[in-house]
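Which chain is which? The protein sequence lines are W and P, in order.
Position 18 of the first sequence, counted from 1, bears residue number 3 in the numbering used here, the numbering being contiguous throughout.
Position 618 of the second sequence, counted from 1, bears residue number 603 in the numbering used here, the numbering being contiguous throughout.
No lab work stands behind these hints, which were simulated from the structure alone.
Among these hints, one or two may not hold up.
You can't tell identical chains apart in this list, so a pair holds if it fits in one copy or across any two.
[Said to hold, decoys possible] Each computed SDA-like pair below joins lysine to any residue, with the alpha-carbon atoms no more than 25 Å apart:
1) K226 with D299
2) K359 with A167
3) K226 with Y537
4) K358 with H115
5) K226 with N534
6) K359 with V125
7) K540 with G551
8) K359 with A111
9) K358 with A167
10) K358 with G122
11) K153 with I182
12) K359 with S190
Number of protein chains: 2
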Amino acid sequence: MPARAGTRSTTLRSPSQIPPRAADDADTPGPLRTTRIPLLQPSPAVPGGFTPKAFVGEVVPFSVTSFREGHDIIGVHVRLTSPSGEETLHRLSPRDDGTDTWSTNIALDEQGAWSFRFEAFSDDFATWAHAAELKVGAAVDVPVMAALGADLLARAAAERDRPAAQRKHLGDVALALRSGDADTTLAVSTDARLVQIFRERPVTSLRSASPDQTVNVDRLAAGTGAWYEFFPRSEGARRLKDGTVKSGTFRTAMKRLPEVAAMGFDVVYLVPVHPIGTTHRKGRNNTLVAEPGDPGSPYAIGSAAGGHDAIHPDLGTPADFRAFVRAARKEGLEVALDLALQASPDHPWVSAHPEWFTTLPDGTIAFAENPPKKYQDIYPLNFDNDPEGIAAEMLRIVQHWVGQGVKIFRVDNPHTKPLQFWEWLIAEVNAADPDVIFLAEAFTRPAVMRALAAVGFQQSYSYFTWRNTKAELEEFLTSVSHETADYMRPNLFVNTHDILTEYLQFGGRAAYRIRACIAATAGPVYGVYAGYELFENVARPGSEENIDNEKYEYKFRDWNGAEARGESLAPLLRRLNEIRRDHPALRQLRTFSTHWSDDDAVLVYSKHLDAPFTGTGRADTIIVVANVDPHSVRETTVHLDTTRWGVPLGERFEVEDLLTGAVWTWSDHNYVRLDAFAEPVHILKVRERS
Amino acid sequence: MPARAGTRSTTLRSPSQIPPRAADDADTPGPLRTTRIPLLQPSPAVPGGFTPKAFVGEVVPFSVTSFREGHDIIGVHVRLTSPSGEETLHRLSPRDDGTDTWSTNIALDEQGAWSFRFEAFSDDFATWAHAAELKVGAAVDVPVMAALGADLLARAAAERDRPAAQRKHLGDVALALRSGDADTTLAVSTDARLVQIFRERPVTSLRSASPDQTVNVDRLAAGTGAWYEFFPRSEGARRLKDGTVKSGTFRTAMKRLPEVAAMGFDVVYLVPVHPIGTTHRKGRNNTLVAEPGDPGSPYAIGSAAGGHDAIHPDLGTPADFRAFVRAARKEGLEVALDLALQASPDHPWVSAHPEWFTTLPDGTIAFAENPPKKYQDIYPLNFDNDPEGIAAEMLRIVQHWVGQGVKIFRVDNPHTKPLQFWEWLIAEVNAADPDVIFLAEAFTRPAVMRALAAVGFQQSYSYFTWRNTKAELEEFLTSVSHETADYMRPNLFVNTHDILTEYLQFGGRAAYRIRACIAATAGPVYGVYAGYELFENVARPGSEENIDNEKYEYKFRDWNGAEARGESLAPLLRRLNEIRRDHPALRQLRTFSTHWSDDDAVLVYSKHLDAPFTGTGRADTIIVVANVDPHSVRETTVHLDTTRWGVPLGERFEVEDLLTGAVWTWSDHNYVRLDAFAEPVHILKVRERS
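Here chain W stands alone, though its shape is the one from the complex (with noise of 0.2 Å):
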């Protein structure tokens, strides 16, 4: 497929057209940095030189600086090859910033690691058409114009690459141009079929190019989705009549399978689903010592049942799990499947791989610390004892998985692992099956995020959870969405098992209302871990985890029970994921652009793509407006730049409220109540004028 170009960009799809790869008669060679016309500051890019990462139709802003000395005119294309072979030329349109920053928005529909190249010009049409309509328009150097254009029309007609008639055409004119007509040099100065053909096919010289660079294009999934987690052992879990549990199984979890496909979600996520092992188990609450029938934390894998490619037996066979896969792609579901790695005492490695681990001086193998604390279920792997074994048996775990039908995995800690290891195996996965994503769950420092994300990981957990106020929530949204889309998409999860945050706990209803509303609209990937459809907004005092945490214990969840009382936010997230799928504009990152209003707690933002890369062939623009304090009703006016979405500052139009079905004419400053209690945030659509 080719690249879809948006509207400034030109693209000329027959190879006929294209003109030459750039650099042949301007590039000096050896040891200068520069081109005759700088090209400096290419983008898309990561800090580091890690290569820059896109999703399939993903709209990448492809930007360079570049200018010449003097006054007169350049332009700048992009050179795209994509994975196929086939080559596109876009043109870029500079800021009008002073930045001498030039631009161009570029679709790229394909997978795989595309090649571009920036190219400048000098552009002697527009360079002498602007001099000439000055000059001749001021009755200034009329013949030497004349004759200028003359010349460079000639040039032109004689460029064997052009459609005949158009060269026939420029021929006519650089004739008529001869004989030094004032008028008719200001004709032709301004000529609108003239500049359409130039534009297009511009007559150049000092062509210069930058280096070939490389942006690498992952299937959708990376990029865009509605992730639900849950723990397979608490769907279809039961108390039997002696007090005990039967654990769910995979077969019995698969039947909430079309209830999570049809709250709109495209990714299933499972906790691990390996061997628990019993060494040291952890009970209810993360207490030191399991009572029986606790079933431990999925997190302490490995036992005498198996290790990483195994399935706990309590969940089934490897065959129910392959059915398992089978019934989410009919919903048309995938699974994604946690990659933690590290055992409990009880894994089959720590007998066959001792070297896997930190043996100390006593002959024991260390327990998981952050000192004095010991972390008596978990041995860590030690990766720098044997790391080529490690990381073979690594390589194996994921392939095996793989294998078995999963191609998403949310990576456990990654940050407690060599950030080089993680390089060496995502790449090593990725180069056999390119369609295997990674999700960092490294809830870590800034700059150690970062480098997962621009080392390999496909997607990342980010600190969406802790940003709660407008004024956090505009930098951290605006950052994530531009200054390192690049190289991090954020998986922006409203909750998971280990994180209930204060925002969520003391927030009520309103909280997880306003914080879905953000999340799945804010971010092309966002996710919810089972349970926040029933507000489970209790913790563990002093934790930021729910009480009876599922990690350690079965939970029992009366999903329709809750919807039939009305007290399920499941009607939300289902009406939330119906409006990320009709609205293209809400699947892409970098759409996202933050307004204004008077009141402290009142975020507004707008996602806006234009025409040509909706599919639909209009433009698609939603506006948020949500009231951040869950506590209270707020009456502002918000202040919106609506050309933006080409409206000009002042004019009306109208928007409809997906939410409520409202709809209301607007303009660039607007009133607004938004009450915590009832309809916390707007989620507006804006309709195309007639």
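Here the structure of chain W is known, so what remains is to put chain P in place on it, guided by the hints.
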């Protein structure tokens, strides 16, 4: 000369003490971009991969982002190789801000190309000591920690490049730890001598290294100096009885040099000294027709008397010029020449090399123009018709003047010539003579100004003249002192023959005082154009230039009379340059940082240099408090972060006003009263505590 290390770095001067280059045991070969311990975003660095620069004695921050998984402690070094081949190792400290940035300041005091690489390692003793202190303190794992410590110390004791006495001591401690005794283990984990031993020469594993990088150190004058611009033809010019003017000459102009030197300037910059064309010569106040006797603009270079390698006959002979250069040198002044690569229609190039210009279809040569306007006294060079020929001639011109003793060139309008040409020319000139310095007069768009600096210009004019409010100056000075300091050095000219800003036109004498104080203290390089001392503040109506601009006529100035009448700024300039000589913190760019005041017109900044870098053994700290509103008296409170010079918040210290001699006791909050009409600026020296 070796590098001097800052308070926070360890320099191991003896080669025998320097551990071998890292990465011999931990780097992974192959296509991976990351090392075992990542070393990301190394600095100094320039966007686009250009070579960073410094000047002799400049204190340069070296920093890198480095971290490792888990809780183990890492260490980071930078390994420097001086131009003369001496290798030193400097320990970096982590910034305490959660960014995983490690840094240290190093004074680079040898001219030439330094190479540097960052090296990271697991700091095994620090990791053990931290864990041992916590665990043994909590009575956890005592025998294991003792045994681990014994193993570690025995390993260190076996390292052959440690001094024998140290190896013996380490072996003894290892033996003591074999007892497994808790008190011994705790004592060893906190032993100051061991901390010192291992800080200087750590026990390491997982050693990783960045690629080798380069920072180019220019001579001192590239980075620090006070410039004085003047027109030699005005100095000693005399009006004759017939009303005509007899031009000043190098012989008369050199009589002014002792006064310039006495004011404390380092560089005298002369506008072009070449023959001036007569065709279309400009008259007074930039009129199109010169009157007889009008000397013409020195920028209309070239006549029958010669071109860019010739001396204007009115000024004297080449021997006179050389005498001027010698006279300047005798006064401790260096001469900077203007390099204006353009020609009057009378330039010898025009007939000898018409191909270096643009010939129009009518056979004429194109004037400089901004269509439809033309500048008929100037032919611009066309760098593209004969790039090799023109480049060779420009190189010859520069080398000619280098041969005449000129090593500094102020380049006129470099942004109207190809960027690539400058990259080539400066590299060629500096390859033969690294002492040659080019100052870019590029009052143009930010990207172009920065690119010129990045490709090689050692200094740049900047937007300083148009940054006048407190907010503007805070932003501007912070940006040039830090953000771009690895490649762009601003020369803070307060005025030029082309620039008389509205601030100076309408700010009265206070404006002149304020701007001189800020330029001289905020930047290590600054300049004034002759006449600034005399408060010449009348502009040609509607322009930003002086009326009766010296570019088009002789100026007669009574320097001594003005000073005798108390109407000269010379005493202030003299004092400012004296203060600059006394205070090394002022001769550095990156020492600048802003503080706060409650008044929107009171700018506060400090410049601080740590004791190891001053050459005096004492730290140097200057606080500048400036009322930048030249029309009012301001009273306000100044708020200082005194910790930047090591004074705890709230503690008192003495400051001495270097302009008035007043002494005050200050703390972090201080009352000031700044009268624009009397003393608008405090330049305060922080006195060392006794």
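Cross-check of the supplied hints:
no.	hint	verdict
1	K226 with D299	within (19 Å within a copy, 115 Å between copies)
2	K359 with A167	between (89 Å within a copy, 19 Å between copies)
3	K226 with Y537	within (21 Å within a copy, 106 Å between copies)
4	K358 with H115	between (74 Å within a copy, 13 Å between copies)
5	K226 with N534	within (23 Å within a copy, 103 Å between copies)
6	K359 with V125	between (86 Å within a copy, 10 Å between copies)
7	K540 with G551	within (21 Å within a copy, 89 Å between copies)
8	K359 with A111	between (71 Å within a copy, 19 Å between copies)
9	K358 with A167	between (88 Å within a copy, 18 Å between copies)
10	K358 with G122	between (83 Å within a copy, 12 Å between copies)
11	K153 with I182	within (13 Å within a copy, 84 Å between copies)
12	K359 with S190	between (69 Å within a copy, 24 Å between copies)
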